[in-house]
Amino acid sequence: MQVIQVIINGILLGGIYALLGVGMTMMFGIVKLTNLAHGEFVIIGAYLSTILASALGVDPILTIIVTVPIMFLVGMGLQAGLINRVMKIGSEPALLVTFGLSIILADAMLLVFSADAQRANVPYNTASIKIANGLNISTLDLIVFGISLATIVVLSVFLKKTFLGRSIRATSDDLEAASLMGVNVNRTYAIAMGIAMATAAIAGMCVSMKWVFYPSSGGNYLLTAFGVVVIGGMGSIPGTMIAGLILGLAQVIGGANYGQLIAYVLMVLFLAVRPQGLFSK
Amino acid sequence: MKTVKRVAALLLACLFAVTLLAGCGGGEEAPAGSGNAAPAGGTIKIGYVNPSTGALAGNGEGCDWVVKQIENYVNNELGGIDVDGAKKNIKVIVYDSTSDQQTAADMAQKLCVEDEVDLIVAIQTPETAIPVEAQAEINEVPCIGIQAPVDPCAMASDTHDWTVHAFWTIDNIYEAHKALWTAAGFGPGSGAKIGLAFANDADGTAWHDTFVVKLAADGYQVVDPGQYPSLTDDFSNVVKAFKDADIDILAGTNIPPDFSNLFTQMQAAGVEVDAITMGKCCLLPGDVAALGENVEGILSEVWWSPLYPYVSGLTGINCADLGAAYLADNGGVMPQPAGYAYASLELAVQAFQKAGTTDKAKVMEAIRALDVETIVGPIKYDKEMNGLQYSDTVVAGGQWQKNEAGEWELVVIDASLYPELAGAVTGEYKAGNATQK
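Respectively, the protein sequence lines represent chains A and B.
If you read the first sequence in the numbering used here, its first letter stands for residue 1, the second for the next number, and so on.
If you read the second sequence in the numbering used here, its first letter stands for residue 1001, the second for the next number, and so on.
A portion of the hints provided could be inaccurate.
To be verified - Examples of chain B residues lying across from chain A (beta carbon under 8 Å, computed):
#, residue
1, G1054
2, A1055
3, Q1227
4, F1235
5, S1236
6, N1261
7, Q1267
8, G1286
9, P1309
As the list claims (entries may be wrong) - Cβ-Cβ distance ranges computed for the label pairs, FRET-style:
#, chain 1, residue 1, chain 2, residue 2, range
10, A, S114, B, N1403, 16 to 26 Å
11, B, K1068, A, L111, 12 to 22 Å
12, A, S114, B, K1402, 21 to 31 Å
13, A, R166, B, W1065, 51 to 61 Å
14, B, L1327, A, V3, 50 to 60 Å
15, A, P123, B, A1405, 20 to 30 Å
16, A, P123, B, G1187, 29 to 39 Å
Worth flagging that the hints you see were computed from the coordinates, not collected in a lab.
All C-beta atoms, glycine included, are put in the ideal place defined by N, C-alpha and C.
My request is simple: use the sequences and hints to build the entire structure.
As structure tokens, this is what we get:
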């Protein structure tokens, strides 16, 4: 029974890890950009959800109706107005711009929200569902896993089945060929960043319910997102899900004592043995 | 390309304007007492590494305000300090550790090497104090260590030539927590099962090693699932160990995210306890706000409060007046760490007054010989642990309860270790949301 409990907990934790990494892997795969501000985007999403939920008296999950479109538009604006311009010079300056952005955003959040610990308190954060004797599933973890899975499935279907999704994939596969076929690369990059920010908004909402966060917490989630991207493969959405599950299971199997160690050893092993990740071409 | 150039030109113009304005304003570098005619002898520089941001930022709250109070007092009211035949103003240079140990070390090095401070303060949790104390030793700068348990700071190094320390020892904090368990109905010999939650950092290890031995000696049953790295996402195995053992009490010291995550996961798994004593993370309203109603009943140590009976030997202000001044300026209760921030600068100023010089060896000698009253109580470095000269400071026991205004307050419920704090006891133990098995 204990083994089943560990596997369930690992899978549920893996869901939110995957969600944290999906926006980053999109930027890696499509825009070929290492977005070092991804962690701060997640924390902005967390603050937006916490504030809105508290102000409107609604469940934080409902706040994504507002936060996702806002973050999508901000992401598009950011890519079109700033990062696309810098990327003309090369990907390294763009990387430095995202690094600068992460510092600016973390400091701005500190000014606006103070350094106090935050958390979106929901009535079900301490509830659990009893499956069998000695086997419980945390209600919050189950909800967060469902949201993560739904986000990744919707994103996969969008990229596979829609014209816009296909044009994004085409840009990712062959930039020049896609341009010659009439795909507006700058617009595609802006949409990719918009989607990455939208997933960060959803991830942030989940983080706000599950963990305590601060303006400076972005770095931790960036590291998790890196782990997911390294293991899953840059640009692979299904890989993100599998990588999240692997990291989640590693964390739970290793326990609080050795989980982080095992997760980082796994990352190093993947970098050494299969640097392109599990699902990258 | 033209647009890029235009944007760049605009940015440069803005930068120029900001620099110009900053120059006109005098900037932050001007000492707080610069409104007065500055004494001719220059400035005494005191370095201070503060966790202004990050997970420990609660501990760093109030630092700027305290610095302003002491600078104002020394530079404006005293007119400086007599050293080396001249009156000198003090300037406290504060850098942010970002709650990161490596950054704390980097900032301390910067203070010692680039800013050439005359003295450095190592304060606010072992995560900040230990790296700062290490840099003070390396660079041979007098260091006043304070507000971090003595044991991890003493054990972090075998060389303490340039450092003294003041705070409670782990032995004392164990006694303070034991008094709280007793208040909750689980005195020594009760056989209560105590689950331990300690991170594997210097602080957690020092607490863990002492608690394990002393708990067994006092007849408690220890449930020890092992230590873990800070910022752990999943505590499944720890929660399971507590559930299997059906613990009565949860005890430990943690940074706020770790305790919050563990506590939430315990509740989700149906682990209920009769008492929780938790160090470090449950000291400040900002830290416990994230726990919501579940903070009710949590027990923690109280090492300073505006209700304490002490008077500053430097400024003559008492705890109540200092707390009232903080409240008036900042709109909130003065945090415990801010009391210690005040004491650290009191000690620094008194060390220079006693030494009468900025010669580092003589300042260090003066610090070691200090026997003074401060806002956190009397300080006399008459004890030693692993070569570190230290002074004990007081500690009482508190519990988070809702006050009449409906706000959460860490009410002092036990002062058995230091009876002189009896006047600060304003409540008694009450079972709350966090402690109802």
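Which of the numbered hints are not met once you compare them with the structure shown? 9
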